[in-house]
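J.: These are the residues of each chain, in order.
Number of protein chains: 2
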Amino acid sequence: MLLNEATINKLDKNYRTNLMNCLSGTKPAFLVGTVNNNSSTNLAIFSNIIHIGANPALIGILQRPVVNDSHTYKNIVETGYYTLNQVNEEIVENSHYTSARFTINVSEFETCKLTEEFIDGFKAPFVKESKVKIGLKFIQEIPLEINKTILIIGKVVLISIANNLVQPDGNINLEDAKSISAGGLETYYKVNKIKQFSYAKPDKLPF
Amino acid sequence: MLLNEATINKLDKNYRTNLMNCLSGTKPAFLVGTVNNNSSTNLAIFSNIIHIGANPALIGILQRPVVNDSHTYKNIVETGYYTLNQVNEEIVENSHYTSARFTINVSEFETCKLTEEFIDGFKAPFVKESKVKIGLKFIQEIPLEINKTILIIGKVVLISIANNLVQPDGNINLEDAKSISAGGLETYYKVNKIKQFSYAKPDKLPF
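Residue numbers (numbering that gives the first Met the number 0), protein chains in the order written: chain A, 0 to 206; chain B, 0 to 206.
Okay, chain A solo, but in the shape it has when bound:
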């Protein structure tokens, strides 16, 4: 299949949405946990997530154009704190359905049968069932004028992860963590480690 700008423009809308959401490959699946100033919690799955830096430790998440029920965005701006919780195999179905547009005034923690956990006085709720939990402080929002999405940048200020998932060199074994990747909007993949290569040096190529 060879598509150019003209044939891309003519694709059926749903087909195009699925294709484009898959094109950028396997995306990390995370649950974003927030709370508002009235203590109502919210939980939503995000996969458009990007590592921005290690020092300072920064992660970006992409917010769709803000509408009335964009609770995650509103809570992040209102309280300044949020959590990222890695989706794993055991909770992949529950996690997917947090994307439903619930009209009732009940937290997705309850409707999707996931457990709120508060750690070390951190304001926003974590997901107890997640194996890699990150607490973030809201740093900056960058509106992308081209399509009205918003890049939300947060600083990592809390990490909760089982000791046995972290190697002596600091790498996390994402297979053992049963980390989930998302492909498109509805499909999920588990990951199997192939290899950890050496730091790439031009005079030490293996081929």
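Mixed in with the good hints, there may be bad ones.
Copies of the same chain look alike in the list, so a pair counts if it fits in one copy or across any two.
Only pairs whose alpha carbons sit at most 30 Å apart, straight line, appear in this in silico DSS-like list of lysine-lysine [as the list claims (entries may be wrong)]:
id, residue 1, residue 2
1, Lys194, Lys12
2, Lys200, Lys9
3, Lys154, Lys177
4, Lys192, Lys177
5, Lys12, Lys154
6, Lys9, Lys127
7, Lys194, Lys9
8, Lys200, Lys112
9, Lys154, Lys122
10, Lys73, Lys136
11, Lys73, Lys147
12, Lys136, Lys177
13, Lys177, Lys127
14, Lys154, Lys73
15, Lys147, Lys136
16, Lys192, Lys12
17, Lys147, Lys9
18, Lys12, Lys147
19, Lys203, Lys192
20, Lys12, Lys200
21, Lys177, Lys9
22, Lys73, Lys12
Calculated directly from the structure, the hints in this document are not laboratory data.
Based on the hints, put chain B in the right spot on chain A.
T.: Only chain B this time, still in chain A's reference frame:
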């Protein structure tokens, strides 16, 4: 392991770099192909990649702070076009070693034994061995002042992909495409499809 802002700040530098690069989960691994106005090609692996939108079809890649040998960045700005080529199992080792700092004036296509392919008159080179190839037009760069990285936004103007990898609904089967995820800076994972769930509706929860 429970780390807070103070203990994160005290981590060993290499340990911290690995940990933070793994925290955001399994990242899509792509080879970015570029050429300069003297027809010298360049190829570099990127994993900090984010889907920005389906209509217009936009993908973002994060450029580290620009230095003298940031050929990918310079070529994108110089020519306005670049390619993203999904890394697959067969080329994962070759792809990883494109990250070496080659000082000789030879393209990574040659040093890393990957094959340049020019498709349909598109200016930048694709990787023949890749199964999902994307041609992008440079739209915008957004400098992130907080750590001097740059979000490079491109519009998808060419797609080359085997027909049998695309489902009738437009989703790409990323397991069949043998798509590779990166965890951290040196570790690679293959993906196995778990399930494609239904579009999430609040009155049709499966639990």
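J.: Each of the hints needs a verdict: does it hold here or not?
T.: Going down the list of hints, with the structure as the test:
1. Lys194 / Lys12: Classified as between; 23 Å across copies, 38 Å inside a copy.
2. Lys200 / Lys9: Classified as between: cross-chain Cα gap 28 Å, same-chain 45 Å, threshold 30 Å.
3. Lys154 / Lys177: Classified as within: same-chain Cα gap 24 Å, cross-chain 33 Å, threshold 30 Å.
4. Lys192 / Lys177: For Lys192 and Lys177, the Cα distance is within 30 Å both inside one copy (11 Å) and across copies (13 Å).
5. Lys12 / Lys154: Answer is between: at 17 Å across copies they meet the 30 Å cutoff, but 36 Å inside does not.
6. Lys9 / Lys127: between (45 Å within a copy, 26 Å between copies)
7. Lys194 / Lys9: Between. Shortest inter-copy distance 29 Å satisfies the 30 Å Cα cut-off; intra-copy 41 Å does not.
8. Lys200 / Lys112: Close across copies (15 Å), not inside one copy (48 Å); limit 30 Å.
9. Lys154 / Lys122: Intra 15 Å, inter 38 Å, cutoff 30 Å: intra-copy only.
10. Lys73 / Lys136: This pair counts as within: shortest intra-copy Cα distance 14 Å, inter-copy 33 Å.
11. Lys73 / Lys147: both (16 Å within a copy, 27 Å between copies)
12. Lys136 / Lys177: within (26 Å within a copy, 36 Å between copies)
13. Lys177 / Lys127: within (15 Å within a copy, 32 Å between copies)
14. Lys154 / Lys73: both (18 Å within a copy, 29 Å between copies)
15. Lys147 / Lys136: both (23 Å within a copy, 19 Å between copies)
16. Lys192 / Lys12: The answer is between: 24 Å across copies meets 30 Å, while 35 Å in one copy does not.
17. Lys147 / Lys9: Cα proximity of Lys147 and Lys9: one copy only (22 Å, versus 38 Å across).
18. Lys12 / Lys147: Result: close within a single copy only, 19 Å intra versus 37 Å inter.
19. Lys203 / Lys192: Cα proximity of Lys203 and Lys192: one copy only (23 Å, versus 35 Å across).
20. Lys12 / Lys200: between (45 Å within a copy, 20 Å between copies)
21. Lys177 / Lys9: between (39 Å within a copy, 28 Å between copies)
22. Lys73 / Lys12: Cα proximity of Lys73 and Lys12: one copy only (29 Å, versus 34 Å across).
Checked against the numbered hints given earlier, the structure satisfies every one of them.
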